[in-house]
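Student: Could you build all of it, start to finish, from the sequences and the hints given here?
Chains as they are written, first to last, in the working numbering: chain A, 53 to 425; chain B, 53 to 425.
Among the hints, erroneous ones may be present.
[Unchecked claim] Which bits of chain A does chain B cover? Going by a derived footprint, with three or more residues having C-beta under 8 Å, they are:
(1) 89-101
(2) 121-129
(3) 344-351
(4) 368-376
(5) 381-392
If you are wondering where the hints come from, they were derived from the structure by calculation, not from laboratory data.
All values derive from a computational prediction rather than experimental measurement.
All residues carry an ideal CB built from backbone N, CA and C; glycine is no exception.
2 protein chains.
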Amino acid sequence: MKLIISGSEAKARTGSLETSRGTIHTPAFMPVGTQGTVKAMSPRELQEIEAEIILCNTYHLYLRPGSEIIHRLGGLHEFIHWDRPILTDSGGFQVFSLSSLRKIREDGVEFRSHIDGSLHFLGPQKAMEVQGMLGSDIAMAFDECTPYPAEHEYAARSLELTTKWARQCKEYLEAQEDKTRGLTSLFGIVQGGMYKELRKRSLEELAEIGFDGYAVGGLSVGEPKEEMYGIIEYLAPLLPADMPRYLMGIGDLGDMLVAVENGFDMFDCVMPTRNARNGTLFTSAGRISIKRTEFKDDAAPLDQDCDCYTCRNFSRAYLRHLFMAKEILAMRLNTIHNLRFYLNFFRKMREAIAAKTFGQFKAHWGGIFGQDI
Amino acid sequence: MKLIISGSEAKARTGSLETSRGTIHTPAFMPVGTQGTVKAMSPRELQEIEAEIILCNTYHLYLRPGSEIIHRLGGLHEFIHWDRPILTDSGGFQVFSLSSLRKIREDGVEFRSHIDGSLHFLGPQKAMEVQGMLGSDIAMAFDECTPYPAEHEYAARSLELTTKWARQCKEYLEAQEDKTRGLTSLFGIVQGGMYKELRKRSLEELAEIGFDGYAVGGLSVGEPKEEMYGIIEYLAPLLPADMPRYLMGIGDLGDMLVAVENGFDMFDCVMPTRNARNGTLFTSAGRISIKRTEFKDDAAPLDQDCDCYTCRNFSRAYLRHLFMAKEILAMRLNTIHNLRFYLNFFRKMREAIAAKTFGQFKAHWGGIFGQDI
Chain A
53 MKLIISGSEA KARTGSLETS RGTIHTPAFM PVGTQGTVKA MSPRELQEIE
103 AEIILCNTYH LYLRPGSEII HRLGGLHEFI HWDRPILTDS GGFQVFSLSS
153 LRKIREDGVE FRSHIDGSLH FLGPQKAMEV QGMLGSDIAM AFDECTPYPA
203 EHEYAARSLE LTTKWARQCK EYLEAQEDKT RGLTSLFGIV QGGMYKELRK
253 RSLEELAEIG FDGYAVGGLS VGEPKEEMYG IIEYLAPLLP ADMPRYLMGI
303 GDLGDMLVAV ENGFDMFDCV MPTRNARNGT LFTSAGRISI KRTEFKDDAA
353 PLDQDCDCYT CRNFSRAYLR HLFMAKEILA MRLNTIHNLR FYLNFFRKMR
403 EAIAAKTFGQ FKAHWGGIFG QDI
Chain B
53 MKLIISGSEA KARTGSLETS RGTIHTPAFM PVGTQGTVKA MSPRELQEIE
103 AEIILCNTYH LYLRPGSEII HRLGGLHEFI HWDRPILTDS GGFQVFSLSS
153 LRKIREDGVE FRSHIDGSLH FLGPQKAMEV QGMLGSDIAM AFDECTPYPA
203 EHEYAARSLE LTTKWARQCK EYLEAQEDKT RGLTSLFGIV QGGMYKELRK
253 RSLEELAEIG FDGYAVGGLS VGEPKEEMYG IIEYLAPLLP ADMPRYLMGI
303 GDLGDMLVAV ENGFDMFDCV MPTRNARNGT LFTSAGRISI KRTEFKDDAA
353 PLDQDCDCYT CRNFSRAYLR HLFMAKEILA MRLNTIHNLR FYLNFFRKMR
403 EAIAAKTFGQ FKAHWGGIFG QDI
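Tutor: What follows is the structure, given as structure tokens:
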């Protein structure tokens, strides 16, 4: 998987990734479909808002309905009726954040399901096997997401394990090509906590193994923004320039502007979808809470500048009514808008980089969504 | 509003009602959009499944967001983005079933909102005014839905009040045409409990006042099926033949077959939508519960004979997964299917009556959805 860079401005770049299921234009935002559905959306609506790739969670799908079942039914794309690319995470993050009674071993993690307490095991080999059964277009190596704060010693040991597991993922992919049932690309995940020299070591070790793309994990885990931006700025130029750079789990618009400015290409986050369900909506004038009384009889669309189904057809007053009445359509219309807003934001960002006006773009939108740090 | 009858078989008839917002083919099923949205559906999806009319609840919309607000925003059609006909009930049923601290007066009912306990009043005049502000295509007269069981004396007094209120609704409509802001038709509601002579009296009094259609209320309120069918069979032939006959709140497919056989034309019920959200789905082989283990890896569509978005694109296994995982898309796909199933059922029923094969139609579907009584 090669990133074709078609434009750049300082460190920011725009380009495209070709996959057998379609082109992904970068910088790209991936809506999150945790359990095999982007919450409140139908696949048809995802196409309509022009999502080019979605992310699904290996941990969740492995536990329910089970990767074997999905495989027997023709793979994840067929199962969820989505024929564009899917990136799957490795399950590592959820094993550490959601499950109980984790036991870290050298070959992976034993854990109990957060759904029914049943005992399971995920490690590099198993994570690859499961992602292969799902038929992922971009698989992620199994890692330990270093928590924050972490002592240097802990972060170093954790990173060592992550490197070892990443190597095993790569070996598994190469050795057992038939068993992976169509896995075509694998990204490594840079860890190392907030220690720059550990981040550098992690990256160098991964680059030596060789992956199709490089992700940065373990950010936005509770650290101050300064520290996060510090790692982003430090790491980005060290990542291989001709390969996609994926900043995992960061979805704040201001943060993504900083990351794109530094040369990151791919992002995922539940922020637009989760906020939509809570009534927090993104507009060209900033964030608004749709439940505010002032919208009670506001006939205007949510965002005059937006071309989504919600903004083309419904008033703020109706959206407020649906939200106050706890109607499912509230979550639907809000989600369509927030995701379309994000995808339009990324499209405009790509155009700005190509036109070498990203500096102005960032100044404008950073003023609306950014943080003073 | 005149019912143009285009075909019949014994007492069953098929035809059409012309409204300024489109034609309603009868027998017609009206999906229920209680709070200004058919739960889990978008207006676009309602058009796609070919709903020709929906029902909205005056009580709910009067309390939230308020009929004044909806009126200021251009009326209910504009507010909810639905340009086909809307029938509004009068609010009477909900005042009696949902609100607390009801005080029945000769001119209406004082009650407290089930949402915030605030004090309100609805009566014949107010119900007409509210429906006028909503811009309803078919308004219903304000009635008291006689509970079950009811003593003869209670039912008689209640019916007397209903008749009086119906007359006031009609007078209001005629006298204050400007204030009703586009109300074009008004249906009367036959009450009288389970007493046939009271039902007959109610109907005769309403017919004397003169309405655009006649509804039968106060059925399926807890009485045995035999009693309900008895009233349906007794009343149907007494209702004016050239006007729409609307059986309120009855949505069981077996019950509707009996009612259509006896000459009813219009129906509404939350059954298909509520059942959808609970995972009970209607198929050409009968009702199924999507959560059953047998569907875990069932690659087949929900109903091979159905042409809805759900059945064309998703497997039972995926629907079961979405339901077990409590995903919003489960409620969406289930609702699309159940409503399309109902509307297709009605289309086929109309075709059968036109082709004089309704007898076979009823025998076939009654065997699947009917009850032995």
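Student: So, for every hint listed, does it hold in this structure?
Tutor: Hint check:
1. 89-101: holds (count 7)
2. 121-129: Three-residue rule met by the region 121-129 of chain A, so holds; n is 4.
3. 344-351: holds (count 3)
4. 368-376: That given contact holds, which follows from 6 residues of the region 368-376 of chain A lying within Cβ reach (below 8 Å) of chain B.
5. 381-392: That given contact holds, which follows from 4 residues of the region 381-392 of chain A lying within Cβ reach (below 8 Å) of chain B.
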